[in-house]
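There are 2 protein chains.
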Amino acid sequence: MSPKITTELLKQLRQVMKNPRYVQEPVQAYIVPSGDAHQDEYIAPCDCRRAFISGFDGSAGTAIVTEQHAAMWTDGRYFLQAAQQMDSNWTLMKMGLKDTPTQEDWLVSVLPEGSKVGVDPFIIPADQWKRMSKALRSAGHDLVPVKENLINTIWTDCPQRPCKPLITLDLSYTGISWRDKIVALRSKMAERKVMWFVVTALDEVAWLFNLRGSDVEYNPVFFAYAVIGMNTIRLFIDGDRMMDPAVREHLQLDSTLEPEFKIQVMPYGSILSELQAVGAGLSPKEKVWLSDKASYALTEAIPKAYRYLTPYTPICIAKAVKNAAETEGMRRAHIKDAVALCELFNWLEKEVPKGTITEIVAADKAEEFRSQQKDFVELSFATISSTGPNGAIIHYKPVPETNRTLSVNEIYLLDSGAQYKDGTTDVTRTMHFGTPSAYEKECFTYVLKGHIAVSAAIFPNGTKGHLLDSFARSALWDCGLDYLHGTGHGVGSFLNVHEGPCGISYKTFADEPLEAGMIVSDEPGYYEDGSFGIRIENVVLVIPAETKYNFKNRGSLTFEPLTLVPIQTKMIDVNLLTEKELNWVNEYHQRCREVVGAELERQGRHEALRWLLRETEPLARVQ
Amino acid sequence: MSPKITTELLKQLRQVMKNPRYVQEPVQAYIVPSGDAHQDEYIAPCDCRRAFISGFDGSAGTAIVTEQHAAMWTDGRYFLQAAQQMDSNWTLMKMGLKDTPTQEDWLVSVLPEGSKVGVDPFIIPADQWKRMSKALRSAGHDLVPVKENLINTIWTDCPQRPCKPLITLDLSYTGISWRDKIVALRSKMAERKVMWFVVTALDEVAWLFNLRGSDVEYNPVFFAYAVIGMNTIRLFIDGDRMMDPAVREHLQLDSTLEPEFKIQVMPYGSILSELQAVGAGLSPKEKVWLSDKASYALTEAIPKAYRYLTPYTPICIAKAVKNAAETEGMRRAHIKDAVALCELFNWLEKEVPKGTITEIVAADKAEEFRSQQKDFVELSFATISSTGPNGAIIHYKPVPETNRTLSVNEIYLLDSGAQYKDGTTDVTRTMHFGTPSAYEKECFTYVLKGHIAVSAAIFPNGTKGHLLDSFARSALWDCGLDYLHGTGHGVGSFLNVHEGPCGISYKTFADEPLEAGMIVSDEPGYYEDGSFGIRIENVVLVIPAETKYNFKNRGSLTFEPLTLVPIQTKMIDVNLLTEKELNWVNEYHQRCREVVGAELERQGRHEALRWLLRETEPLARVQ
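Taken in order, these protein sequences are the chains called A and D.
Note that the UniProt record's numbering has the first sequence beginning at 1, numbered continuously upward.
Note that the UniProt record's numbering has the second sequence beginning at 1, numbered continuously upward.
Be careful, since some hints might not be right.
Since the list gives no way to pick one copy over another, a pair counts as held whenever it fits inside one copy or between any two copies.
What the hints assert, rightly or not - Cross-link-like lysine-lysine pairs, in silico, DSS-like; alpha carbons within 30 Å at most: (1) K285 to K116; (2) K397 to K365; (3) K374 to K188; (4) K130 to K193; (5) K548 to K98; (6) K94 to K287; (7) K98 to K287; (8) K262 to K18; (9) K350 to K570; (10) K130 to K287; (11) K397 to K552; (12) K116 to K134; (13) K350 to K94; (14) K4 to K147; (15) K94 to K285; (16) K188 to K354; (17) K94 to K193; (18) K98 to K304; (19) K570 to K552; (20) K507 to K130; (21) K193 to K552; (22) K304 to K134.
Hints are computed from structural coordinates only; laboratory data are not their basis.
Model the full structure from these sequences, guided by the hints.
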């Protein structure tokens with residue numbers, strides 16, 4: 001990997017930082033955040049401004065360019081990659097290390113007195129603006145919004161913003177019509193006494209209108225905003241996709257409707273001026289509800305006294321609790337996904353010993369098998385196909401330079417998933433195609449014990465996910481092992497594979513209480529640097545539990561695995577399992593057999609069915 | 001319990017709220033917080049202003065009096081008590097219930113436009129002031145400091161502030177001299193580039209100077225502040241206790257010392273003016289370190305630009321990590337405490353069947369046995385001696401009106417502890433003096449399983465206590481049971497029985513990572529309203545653990561029980577215990593036998609020794 005040469009680009013950027021065409025007054029520093037105007041995890045190529053200016057294209061990182069310096073803040077996952085992709089114009093700021101200054105502290109240390117620091121107000125979330133602005137002001141500097149994005153002014157071959165056709169989802173997929181979702185949203189608004197709600201997150205727009213898109217890779221979303229009033233619905237979206245008869249029919253654009261359900265379609269770019277008009281027309285006590293992560297630009301459009309900001313929007317919370325149609329869709333998607341993986345693992349078992357299967361080939365084959373399944377749309381994230389030491393790189397993605405050949409001597413870790421029209425999958429299995437060592441089996445079994453401890457946990461209604469995180473670690477901890485990532489994340493229903501507001505992590509921010517219908521991943525792991533990686537991941541559904549005493553009618557919850565892919569028994573040291581854990585494995589495999597076996601049979605995939613039956617033979621303790 | 005009649009008092013308070021002798025402008029509301037000027041959990045009688053004005057004397061509650069209203073905010077522990085103790089002048093605001101307004105929201109709803117809300121700036125912590133002031137200002141009101149405490153102006157028989165003699169602790173108790181503590185503190189100050197440190201918490205003053213007092217019941221502290229500069233030490237303390245030759249010798253007040261260790265003794269009441277003088281004399285970049293919980297008055301004495309505020313002071317953190325002398329002292333204290341409890345339980349076993357032992361008699365007897373032990377000073381908190389349904393009241397303290405007789409038909413819960421010159425104890429045991437029911441044994445055994453799960457947990461260095469909380473609940477959760485309090489709190493060394501900055505709780509605030517030498521309680525429970533309460537509490541020391549793989553040299557930790565009092569085996573359903581848990585109980589009892597047995601022998605307490613030997617017989621599984 002050779003670094004991107006950025007000398008000329010930085011020169012150009014420093015010129016526009018002083019160019020009165022773009023800035024009222026010269027800015028002495030310019031911040032290039034990672035995200036887009038919707039604070040998405042995955043972004044479209046036209047929004048990869050930080051990668052354009054620096055060469056570093058990891059998923060997280062903030063660039064700051066001053067007249068003298070160019071610095072990049074990123075976290076431990078990307079220290080190596082960022083160092084390789086950036087040239088000597090850039091200083092790498094390793095976040096999480098003790099001596100690394102914060103962006104604010106660094107700015108204060110390098111800027112001349114009374115400096116202006118510029119940032120695109122559409123890209124920076126309001127909460128970040130507030131923090132940074134305060135820190136800079138207290139040191140005598142100013143954070144200023146620069147309307148035109150300065151990277152765009154020098155990015156001559158910047159790709160177009162995607163504007164792909166939409167998919168309409170009917171009630172059999174969504175369970176609730178968009179009209180009923182609007183009614184429910186308005187009732188939440190009435191409860192909080194707000195008159196307007198601004199939808200800024202792309203997956204929230206998609207969920208609200210029962211539409212999907214493909215503007216962003218892996219995330220079935222489309223660029224749009226919405227502003228919902230008590231009597232009006234405005235959808236801000238570009239392109240001729242609203243000319244599609246199916247979409248017009250779905251949104252009833254040409255029907256005679258009660259006025260409060262009439263959708264006004266407006267250009268994507270007009271959101272700011274429309275919102276400013278809303279802000280200007282508010283009467284006292286008319287509040288406008290926004291996520292506190294909405295962009296500074298949109299937040300500022302509403303006068304401060306009229307803003308109602310919350311970390312989670314009512315849509316985010318409603319979206320997290322899946323209804324019966326969504327849950328059934330997720331079940332179907334996971335069965336199809338299991339069929340694809342049974343095919344893949346059966347194929348790998350035969351092919352790996354030949355020494356011709358690389359990580360990329362295996363990933364492609366997984367996609368091929370998935371794409372044969374009904375309603376397959378695309379992958380839900382970049383497949384992590386990693387063997388041997390590559391498995392220890394938690395966010396590894398095989399590229400030609402690192403591509404390793406699978407062998408019977410190394411552990412293989414596959415973390416992959418897909419978007420189907422009926423649901424989103426995300427599954428990790430760790431396999432050995434030869435004979436694992438006792439140490440590898442030992443580590444695998446601790447990880448499995450952690451996985452089971454979470455999956456089988458029973459807990460009272462209202463418990464937050466972070467309280468379950470240690471259950472996943474206890475068996476590892478007992479032997480002095482651990483893993484440095486959270487145990488689980490929320491999963492969307494044919495939406496983003498990572499979604500809020502719940503999860504299972506030792507980090508306690510972003511953690512609303514778990515409730516029945518929520519879907520999260522359960523994915524403990526163990527990573528031995530330079531040697532191997534182990535992770536066992538199921539997507540699990542929060543369901544009511546039956547307990548002897550039922551928490552004085554507070555009710556209790558547990559998890560049901562939606563993922564139904566065999567866990568390789570060859571990797572398990574049965575003697576390390578308790579009776580309860582052994583039964584869990586056998587019951588899980590029995591369920592895989594019944595449910596996935598029936599589907600394999602139906603699809604006539606007899607060889608994969610034989611593989612499934614063999615891999616799900618009940619385990620017994622060696623006497 | 002009849003309520004306090006407060007009509008006349010409220011009338012007087014409302015008069016002084018308008019009296020120009022005390023307020024520059026009339027205040028339309030006056031806040032009476034719970035605490036004292038040091039934000040202590042336990043307060044002296046002279047600081048019980050909220051109890052004086054309202055009648056409600058629980059440990060937590062804030063009163064607000066306006067011209068028309070008088071309202072009291074308190075939490076679920078005290079709803080019943082507050083309702084009983086307050087007359088109809090008062091409105092009870094039940095915190096934690098959905099419809100209860102916050103103090104700020106309530107004030108905004110009842111106050112006329114542009115009101116002034118007064119509060120004693122010495123009593124309100126700076127962080128609370130900031131939050132409340134902001135909320136009031138945004139609604140057009142003002143929070144104003146009222147220098148003279150308005151309750152004191154009408155409290156004609158207010159007791160004197162206590163000013164009791166001091167106890168000096170030598171190196172054998174403290175392990176580190178006060179001079180070395182000052183040196184360590186100054187080095188932390190230098191690290192953070194601060195020139196001054198203001199000690200406002202009473203236990204921090206006591207710890208720093210290796211002195212103890214008895215100004216506040218249960219807490220061996222004395223009213224004082226300290227201001228530590230890089231070259232100066234100022235101790236603000238009243239009374240002739242500084243005339244005590246032992247104290248003068250201990251602090252080397254009459255010795256020729258290097259100037260930087262010369263302690264300047266100043267009147268307690270001069271702290272504000274002295275601190276204002278410090279604040280006025282600061283050069284640029286000279287910062288002053290304060291806890292963010294210090295009073296508004298002291299915080300304001302330092303101009304904002306010069307303040308360095310942290311949630312935990314370096315003294316709080318240093319104090320939490322006990323050194324070898326303190327740890328040995330804590331061990332000794334717990335052995336003596338166990339001797340007293342063996343005596344007590346042996347005595348109760350004989351006396352309870354006679355039907356003459358009440359909760360108060362039992363509590364008094366516990367104190368009597370403890371007071372026979374060497375270096376006993378006082379109790380460390382009000383003894384919770386509760387039988388039958390009283391056991392389900394988590395913060396119960398027997399009073400004549402509720403005093404119940406112990407019997408062979410009810411569970412007895414005793415949560416008690418003492419201050420010895422060498423350490424602080426806090427232990428809960430739940431006993432049955434007849435035959436427990438199967439259900440009682442079942443619940444007890446789940447609680448025991450939770451207690452063991454925490455006590456035997458192994459976890460990596462740097463783990464925060466809240467990540468261990470669920471271990472204590474898992475066995476209860478499996479059956480649909482839970483308890484509504486945290487699992488553990490920090491414990492001082494001959495200091496406050498509750499101290500920061502660590503603990504084990506599902507609440508995640510106030511939770512610094514655990515490290516070897518810290519001491520916390522491990523006290524899961526189960527409470528059946530109207531029927532019984534169960535709690536099993538040991539004080540445990542954080543110690544390094546031996547693990548197979550040692551977290552890649554990150555190191556690992558576990559707990560060693562300091563409390564060595566038998567856990568009643570009669571209450572245990574052995575068949576619910578795993579092999580590992582059974583071994584834990586037997587090993588724990590073996591250790592009680594050896595260590596406490598030897599001490600009982602040494603003290604010639606043969607009957608209690610026989611009781612101990614019987615109670616610590618190894619358990620075996622019923623085949």
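Here is how each hint holds up against the structure:
no.	hint	verdict
1	K285 to K116	between (35 Å within a copy, 23 Å between copies)
2	K397 to K365	within (15 Å within a copy, 69 Å between copies)
3	K374 to K188	neither (36 Å within a copy, 64 Å between copies)
4	K130 to K193	both (25 Å within a copy, 26 Å between copies)
5	K548 to K98	between (49 Å within a copy, 29 Å between copies)
6	K94 to K287	between (41 Å within a copy, 28 Å between copies)
7	K98 to K287	between (42 Å within a copy, 21 Å between copies)
8	K262 to K18	neither (46 Å within a copy, 58 Å between copies)
9	K350 to K570	within (16 Å within a copy, 60 Å between copies)
10	K130 to K287	both (20 Å within a copy, 25 Å between copies)
11	K397 to K552	between (48 Å within a copy, 25 Å between copies)
12	K116 to K134	both (13 Å within a copy, 28 Å between copies)
13	K350 to K94	neither (43 Å within a copy, 67 Å between copies)
14	K4 to K147	within (27 Å within a copy, 64 Å between copies)
15	K94 to K285	between (45 Å within a copy, 27 Å between copies)
16	K188 to K354	neither (60 Å within a copy, 62 Å between copies)
17	K94 to K193	between (44 Å within a copy, 23 Å between copies)
18	K98 to K304	between (36 Å within a copy, 26 Å between copies)
19	K570 to K552	between (43 Å within a copy, 26 Å between copies)
20	K507 to K130	both (23 Å within a copy, 27 Å between copies)
21	K193 to K552	neither (34 Å within a copy, 54 Å between copies)
22	K304 to K134	both (16 Å within a copy, 14 Å between copies)
Hints 3, 8, 13, 16, 21 from the list above are not met by this structure, while the remaining hints are.
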